[in-house]
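I would like the entire structure built from these sequences, with the hints used as guidance.
One line per chain: the protein sequences are P and Z, in this order.
For the first sequence, the positions run 1181 to 1587 when the working numbering is used.
For the second sequence, the positions run 555 to 894 when the working numbering is used.
It should be emphasised that the hints constitute simulated quantities derived from the structure, not laboratory data.
Keep in mind that the hints are not guaranteed to be accurate.
Only pairs whose alpha carbons sit at most 30 Å apart, straight line, appear in this in silico BS3-like list of lysine-lysine [as the list claims (entries may be wrong)]:
(1) K601/Z x K1207/P
(2) K721/Z x K1302/P
(3) K601/Z x K1219/P
(4) K721/Z x K1307/P
(5) K856/Z x K1421/P
(6) K1302/P x K1325/P
One-sided and incomplete, this derived list gives chain P residues near chain Z with beta-carbon spacing under 10 Å [claimed, not checked]:
(7) G1228
(8) S1268
(9) P1295
(10) F1366
(11) S1384
Cβ atoms here follow ideal geometry from the backbone N, Cα and C, with glycine treated the same way.
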Amino acid sequence: MHSRLRGAAALAVAGIIFAPLSALAQKTYDTGATDTEIKIGNIIPYSGPASAYGVIGKTEQAYFNKINAEGGINGRKVKFISYDDAYSPPKAVEQARRLVESDGVLLIFNSLGTPSNSAIQKYMNTKQVPQLFVASGASKWNDPKEFPWTMGWQPSYQSEAHIYAKYILKEKPDAKIGVLYQNDDFGKDYVKGLKDALGEKSASMIVAEESYGTEEPSIDDHVVKLKEAGTNVFISITTPKFAAQAIKKLAEIDWHPMQFLSNVSASIGGVIEPAGYENSQGILSAAYAKEAADPQWDNDPGMKNFLAFLQQYDPTANKLDGAVIYGYGVTQTLVHVLQMCGNDLTRANVMKQAANLKDLEIDTLLPGIKINTSPTDFAPIHQLRMMRFTGRKWELFGDIMSGELGH
Amino acid sequence: MSAAEDVVPTDQEGQAVEAVPKRAMTLGTGTSLVVLALLILTPLVVKSFVTFQMTQLLVYGLAVLALNILTGGSGQFSLGQSAFYAIGAYASAILIEQFNVNYALTIPVAGVLCFAVGFLFGQPALRLSGVYLALATFALATAMPQLLKLNFIEPWTGGVQGLVVDKPDAPFGLPMSQDTWLYYFTLAITIAVYVASVNLLRSRSGRALMAIRDNEIAASAMGVNVALYKTLAFGVSAGITGVAGALGAIVVQFVAPDSFTITLAIQLFLGMVVGGVGWLPGSFVGAAFIIFVPNMAESVSKGLSGAVFGVLLFLVIYLVPHGARQVAIASQQLIGKFRK
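Next up, the structure:
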């Protein structure tokens, strides 16, 4: 006991003597970081077909305003430079280059969209600038070997599909599955996840697959075909407009299989309401973030933080908009990473710290969902919780489930 | 004055495309040389990001030039240039990435392919004129991103995920960065295409095109094969757009269906109007407008960038309806006054 104390004292003395020296040695910066400032770049479609996501950029700016008002990150103020790419990949390349070469940012954070991020991924990795917490559900951002400077954030579509497959294997082992999916990267990623998780059984369990293109006015035919194929589980990998159509059609042809709805379309206002509350009872889905409309979070400390933030820094934001919850959560994660970096604000250290998150909890994620990364795992969130539509809202049930296979 | 008289345009004013005499289509020799010298010196003094933007400017400039030949030369409208741009870009990307063809060789291939596609599309499109042709090409532009996503060509196109293209190094061990090399490479092709276009419009074929633009009936009465020349104009325009698309794919290092939406076609159209319809050097001024002005608008207001852009565009059209050409002529007259 004594010797330990003495050792500690010796360390403390050494610390005092060497403090100025080591502090100097520790303060290392790459372009974009100084004693007083950290420059963070961002690319979001404020205009164009996906401009609804512009809200995310606004929320992120507001969150950094809050951080700066509270004294910054380890005393450094954040300068958030967010550019519009109008959801156009060539524009995203131009904006990424402008951020890195002209503005000199430390990293690019939460650039949005699978096509735009695909376009800049190679550039970012050649330049060795972090492309951190990409805003896209594609699974390809988790590839630390090929792309050590790129990392995703939200659960991938594949993770979500794994969870549905696990649920089906457990609850309905004799399922005859019919899948309706959108014919693009989103839909295909999902189907792949589903098949991977069902493993050997996928060939026998998935009885019918129907894909649709977004140009189709109606998907009624596909739904009818899936019913006629004799399926008793219906998985709807659809975007909101088509999700609502499918729910309605099921009710219309009086077909009541076990029904799954992708998280993308789990919005009550955007899908369930237009499809009808009556028709939506019992639908299954999964979530990883809290919903501001859900009364069960009224006394939740994380949700209280979120609402207090909105009131003070972003009063015009719509708290029911999932993009606001998203922007808040992902920015909180980044701030945590930058705090962990301490005075070593190099790009390599940012990636190192981002790949070293242990059981991090975020205000707006469901209780129990924790962020974990490692040098071989660049998928921060892979847990979700199942939920069932009951009455006029989603009811979470069961345990937190991991989207990783082999668990 | 009867109602019937109101709707019949009686003079040149009624025409959507103002006739441009062929001499007014280009810059003087002296000015051309100054511009050329500036373009060659630019990468030596600016950052690599600006070099990249300048390369993009040349690429879009070529695409606008192509449209200018079609609209300014033969008087046909097209809102489908993004489709030819996409074909050129994909041709180059697929050849480079899937078949390991040298990037420089993919450019003529893209040009020839797009010429063929444009020529074929021009056959039925010929029967249409004015707004109807614009609509037909509009349909082509709308269809293109979806066609590129088709399942059965996915092994080549990469589907919705697109294709990543490797950036070429400077050849023969030249001591310059990839960006600088690409700039000069693009500049060389741009100059070649520009000179060829100027010569085309000054040639017999060019005169035939302009005759068609000014009065189709009179042109055919003079013995001009209207159908042939109109399709040729379409083909040439598509071919040049394809070259621009191929260069674009190499410069941006990525192709995906979402890169070539109708927005691109409208941008090119906008570039042509701002640059001055029928004035070839204006194409590059128009390209600068569509690249830099959205960035300026964004720096004014993020939420209202579209509105700011609209106001700027409105100002340009209101103050200088003939675009950069009008500015050029005005400054020429001003210089002339000083000389006296």
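Evaluation of the provided hints:
1. K601/Z x K1207/P: holds, 28 Å
2. K721/Z x K1302/P: Roughly 10 Å separates the two Cα atoms, so the pair holds.
3. K601/Z x K1219/P: holds, 19 Å
4. K721/Z x K1307/P: holds, 13 Å
5. K856/Z x K1421/P: Measuring from Cα to Cα gives roughly 28 Å; hence the hint holds.
6. K1302/P x K1325/P: holds, 13 Å
7. G1228: Hint holds; G1228/P Cβ to chain Z Cβ min 7 Å, cut 10 Å.
8. S1268: Cβ of S1268/P sits 6 Å from chain Z, so the hint holds.
9. P1295: holds, 5 Å
10. F1366: holds, 9 Å
11. S1384: Interface hint status for S1384/P: violated (25 Å vs cutoff 10 Å).
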